[in-house]
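**Q** Okay, here's what each chain looks like letter by letter:
Protein chains: 4
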Amino acid sequence: MIGGGKGAFIGAVHRIAAQLDGAYELVCGAFSSNPEKSRACGASLGLSPDRVYDSYQELFRQEAQLPEDERVQVISIVTPNHLHFEPARMALEHGFHVVLDKPMTFSLQEALELRSIADQSGRLFCLTHTYTGYPMVKEARQLVASGKLGNIRKVYVEYPQGWLSRFEEGGDNKQASWRTDPSQSGIAGSMGDIGTHAFNLAEYVSGLQVTQLCADINIVVKGRKLDDDGAVLLRFDNGASGVLIATQVAAGEENNLRIRVYGEHGSVDWQHADANTLQVKWLDRPTELWRTGTGYVSSYAQHNARTPAGHPEGYLEAFANLYRNFALCIKAEMEGEKPQKEWQDYPSIEEGVRGMAFIKNVIASGKSDKKWTDFKV
Amino acid sequence: MIGGGKGAFIGAVHRIAAQLDGAYELVCGAFSSNPEKSRACGASLGLSPDRVYDSYQELFRQEAQLPEDERVQVISIVTPNHLHFEPARMALEHGFHVVLDKPMTFSLQEALELRSIADQSGRLFCLTHTYTGYPMVKEARQLVASGKLGNIRKVYVEYPQGWLSRFEEGGDNKQASWRTDPSQSGIAGSMGDIGTHAFNLAEYVSGLQVTQLCADINIVVKGRKLDDDGAVLLRFDNGASGVLIATQVAAGEENNLRIRVYGEHGSVDWQHADANTLQVKWLDRPTELWRTGTGYVSSYAQHNARTPAGHPEGYLEAFANLYRNFALCIKAEMEGEKPQKEWQDYPSIEEGVRGMAFIKNVIASGKSDKKWTDFKV
Amino acid sequence: MIGGGKGAFIGAVHRIAAQLDGAYELVCGAFSSNPEKSRACGASLGLSPDRVYDSYQELFRQEAQLPEDERVQVISIVTPNHLHFEPARMALEHGFHVVLDKPMTFSLQEALELRSIADQSGRLFCLTHTYTGYPMVKEARQLVASGKLGNIRKVYVEYPQGWLSRFEEGGDNKQASWRTDPSQSGIAGSMGDIGTHAFNLAEYVSGLQVTQLCADINIVVKGRKLDDDGAVLLRFDNGASGVLIATQVAAGEENNLRIRVYGEHGSVDWQHADANTLQVKWLDRPTELWRTGTGYVSSYAQHNARTPAGHPEGYLEAFANLYRNFALCIKAEMEGEKPQKEWQDYPSIEEGVRGMAFIKNVIASGKSDKKWTDFKV
Amino acid sequence: MIGGGKGAFIGAVHRIAAQLDGAYELVCGAFSSNPEKSRACGASLGLSPDRVYDSYQELFRQEAQLPEDERVQVISIVTPNHLHFEPARMALEHGFHVVLDKPMTFSLQEALELRSIADQSGRLFCLTHTYTGYPMVKEARQLVASGKLGNIRKVYVEYPQGWLSRFEEGGDNKQASWRTDPSQSGIAGSMGDIGTHAFNLAEYVSGLQVTQLCADINIVVKGRKLDDDGAVLLRFDNGASGVLIATQVAAGEENNLRIRVYGEHGSVDWQHADANTLQVKWLDRPTELWRTGTGYVSSYAQHNARTPAGHPEGYLEAFANLYRNFALCIKAEMEGEKPQKEWQDYPSIEEGVRGMAFIKNVIASGKSDKKWTDFKV
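As they're listed, the protein sequences go chains A, B, C and D.
Okay, so the first sequence: first residue is 1 according to UniProt numbering, each after it adds one.
Okay, so the second sequence: first residue is 1 according to UniProt numbering, each after it adds one.
Okay, so the third sequence: first residue is 1 according to UniProt numbering, each after it adds one.
Okay, so the fourth sequence: first residue is 1 according to UniProt numbering, each after it adds one.
Don't take each hint at face value.
Which copy? The list can't say, so a pair holds if one copy fits it or any two copies do.
To be verified - Cut-off 20 Å, straight-line C-alpha distance, at most; resulting in silico cross-link-like pairs (SDA-like, lysine to any residue): (1) K37 x G7; (2) K222 x E93; (3) K222 x N151; (4) K367 x Q302.
What the hints contain is simulated information worked out from the structure, not anything from laboratory work.
Computed from a prediction, not measured in an experiment: that's the story for all the values here.
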């Protein structure tokens, strides 16, 4: 693991997600750019001191020299955005599989470069767009893909949070500080942090691609350097249209991602706050509540659940699904077997490239007087 | 009553709303442009045949000649949009108070003219933006106005319906036929029918006015002549921004109007599907469920409810609140008394003008390549 | 109308319910045992002074002497329980149809007597068990009756309120005072006031009859004279079992009546707080949300709704459904026609008798050391 | 781990729960009474073959002989009920801490004996009443304990499931087979399997103890040997009363545990289906939604959550909370430190004894003609 030291939210989440199903063991790390902090973190995690490194560069150098059956196999990178590309590049080039937190890189340029490196490396790559790990999100995608809803006409995706309603940065809120800092986050704040999740979900569930967008991007809290709020009109490659909302100044909201996709005959409605239910609505018959853990859901939803219906599975399980599917694919590759299609359903480098293109295009649109901006990769 | 014959949805609603609290008695009507149908309708409603008229022109002529204590006092106009202006004008000019269904007129031009007629007439005027009649919508407005949420930053309003998902017009669905017909509805379809409700609600609850908008307006169902779908980015006079969604092709949706208004410290969230609850969310404390019929709500919410908490009040009661408040104001005027502020809280001609301006501006924006269109009245 | 003067909750509700659909006109009344109050109330309701009476006895005497086409046709009795029997008896014997508030009488003995009087009178009788007027409650009954759920196994009905959590009686809370006073309410408090509603709903939806019960009846608030809380184990005539909860000391609850009926293959779940939704749950497929105003519900549910799906209908509409159906049956009788089966679906004297039997049996069981008490009428 | 081989639901849950926070490592096991199956299971879990045992007896014999720093420290027992006592006894007597699935033993007699063994052993003991591991259940308990709700008056707890609606036993549904078999489950079916959870939750949240009960216990599905349904009237040591429902034939229900506790001033309402919300209702002010992961909840709720508000934590996390708190207490003991009070809040042997007493008393009451049965331990 690279990054994820004290005060990092997502590092701990990655560790739980990885070990939840027992498919990974944490063996080495460079947890902070401060060697002392890295060592303290490694110790608290029970790692052997000789595998806690002062820098990610050293980690790669040393681990690559270990015998193949001892050295680390998969590198998790959980650093702020500006420190995604370089460790990911080195990991792939040293022959390790990579799990990388989103957004994939600091810029679209880096993303394209990383894609080409990954393609050449032959190593596997997983981008942690967590929400696609929820069983009922997978079910939504499958239902759309089945054609039962007819042609898709509308996609509404929204991700309201309230935690940046005040000027939180600059104090000891480490999360707020780096996420609002252009030198660490890149050109986008909320649009990069949560807008990319919403965008990814929209494309994942609908099976469509955005072709044009029209964005209203705002800095609401005085003194903030990056956008903390935005709304985007969307057009998709099949002619459908939609709306994407991402805001971190919606006072009182927790983490209320929601997606609705409407077809000719019916629609799906998934809300993070009730993550184990998929509302399926129809033109002429009762709304149905499809649930995690039941016998009637698709093989994708079944594969990504661990308990019978009525035992809520949450954020950590969704995250763990990414790790588990990635592990199953790595194992299959190692054993020369073809991975099941359900295992391969995790976000990868292509989603990362599109996410970075979203950031570039949405920020450009925000600054443009023209209504529609073409979505260019 | 003018309009509201057989097959008309909203006419029956107006009648129930008017009589629910016993403040009105239906005494005369011109229910259809077809005299036979008008008479049949009048008969079925138990009206005296001599007060069922063949046309609204005749109604005004005849009623105006009746002795003051016999003739009608308030005219309800529930015709399609193209037949709003003329009967409303005549009603005011003949000295009757007017209840008019929304959108107010066929065009903004007519709306401005009607406003000037109404101002000169000294008669009272009520526009039936039903949703502002809900106790918890009134509570939302009061809470925003109280300043407890701080400055308003975001307004999200959405009104998804699914009933026009197919090509319904042209058959015997009278509702679908006139609402999608430019010669009866005007320049807008969904934006006029439900977009104006959403717009009105946004301004009513937030206490703000839209100054700019950016619209994506669509005809989704093949062969339809007016928009059946749209999404609009909004900017308000205090610097807040927002999103308005109005669609009638959201398969599986019923009548799911929802408004969320976010301030610096908290927010309100009202959904038509759970109309007696107002969710009040705060930055640092639990979300609260404010309820119709309780003792802790404002005088506005209390005045507009009839039963103790837990006895659901619905659409007809909300509609009846408009009629009841209008009656209370008329009665106060007749008795030379000052109406209470709670009674005066019904939508009037100013809301009608802004609604018509919304239609004009939103359709113009939909056709424009520029991102932002100024909201002009 | 008899009763329903100032301070009476249910009188006003009856008046709105009766006039909501325009099928009734209030023509006369004896609104209070205090003649002055009665006259003041009549005046405020716009009644002709000569038809506002000082007592119900006088009302019957005078109205019976009016010409048939002038005199009142239906008597609504909305007095406290101890004043139900006598005016109901007189109304029937004077040839009027009767709408009577529940519980039907002061004692089971009176109920049996009233039944025999009603049978002989040939007049129609409606008992206002409001909750059976909700479209989705009717749908629940129809679904059970259709056999689609299989044999019924379990019935859970609960009616928690919180408004008697404190000692409210004795002050100016008129509702609390008479409802907790044995001389006005009878042998039961909560069990009579809301327990009878729950019991009626259980039998109405399940189509079953209670044969045995086991009650825990409590006076929770110190100084109170009648039960304010209770729970009852139930056994039904088909072998099903169930639980009935009725309490008025559940602090924080409004009026949260709920019924769940489970069959071999599925179940129905209706909650007053979400009255326009019927949850239909199945063993092996998704839960369905059946909704008021849709096209797929039964003729009973359709007949008892006024607006399209998504326009919430509430307590007053449910109440109005009782009045409307009663009016339709009276009209059919007057015209010598057979009423439709949907119209006849209103609670009548038989439900009243069973309600009074419930009160007698449940209070007896509460005092008994034996587990099971037979349900005797 | 003892038990938890192929086809066992709860064994896998225990393993995930234990490793979720990285505090446990699975080192040895006797997973099945069939040695071959045990070895296969151990292999699939990646255990060293020399620590996969043919029987639990052998496990204790062998592990006890390993050096202290190599041998297992905590024994998880996840066998059917009839195989709880003996391995638990042996584990304690061999000096191991014990995690035991509920209900604690086959009979109350065994439970009392085990308590005395545990007391003498000085080893720690955890009984996996999972639901007390939810942050919002802990919050409910804390809120009741704070006195803010006033004296507790009512406790309603219900646990409806539908999975035994048909005769599932005898086929290859291993879960159904042993849970309905008196020789493996003991004298109770549903009352032992889920009734004990409901009972435990009632006492845990209310802080009260049941003193009397009156049970209706049923076998609904023909041919079944143990109760699959029941309802129980409860009396508590402070004079409060309540209702407990536990059924496994509620067709369409998943795992819908719910508890409501009412005090003089307010109440708490927790539902498993919305596990991260605690509804707190008050007599005179809005209902509040208290949420996992927020800053305003108690130290107990905060300690038992891993992510910020809005990231749902579910069943596995609740289960993991038990394991984590148990680990923290063991570690504190090993280090001679006093465990924090939040760590000590896990169900222990006392809850196990009361659970077994509940089974004995509730089954006795079910057979009794007397209304009330004293709760005897």
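**Q** Compare the structure with each hint and give your call.
**A** Consistency of the hints with the structure:
For a Cα distance limit of 20 Å, the shortest separation of K37 from G7 inside one copy, 11 Å, qualifies, whereas the shortest one across copies, 44 Å, does not. Proximity of K222 to E93 under the C-alpha cut-off of 20 Å is found in neither arrangement, the shortest distances being 43 Å within a copy and 53 Å between copies. Taking identical chains as interchangeable, the C-alpha atoms of K222 and N151 lie at most 20 Å apart only when they sit on different chains, with a minimum of 13 Å there against 43 Å within one chain. For the homomeric pair K367 and Q302, neither the shortest alpha-carbon distance inside one copy (44 Å) nor that between copies (42 Å) is at most 20 Å.
Consistency with the previously given hints fails for numbers 2 and 4, ordered from lowest to highest.
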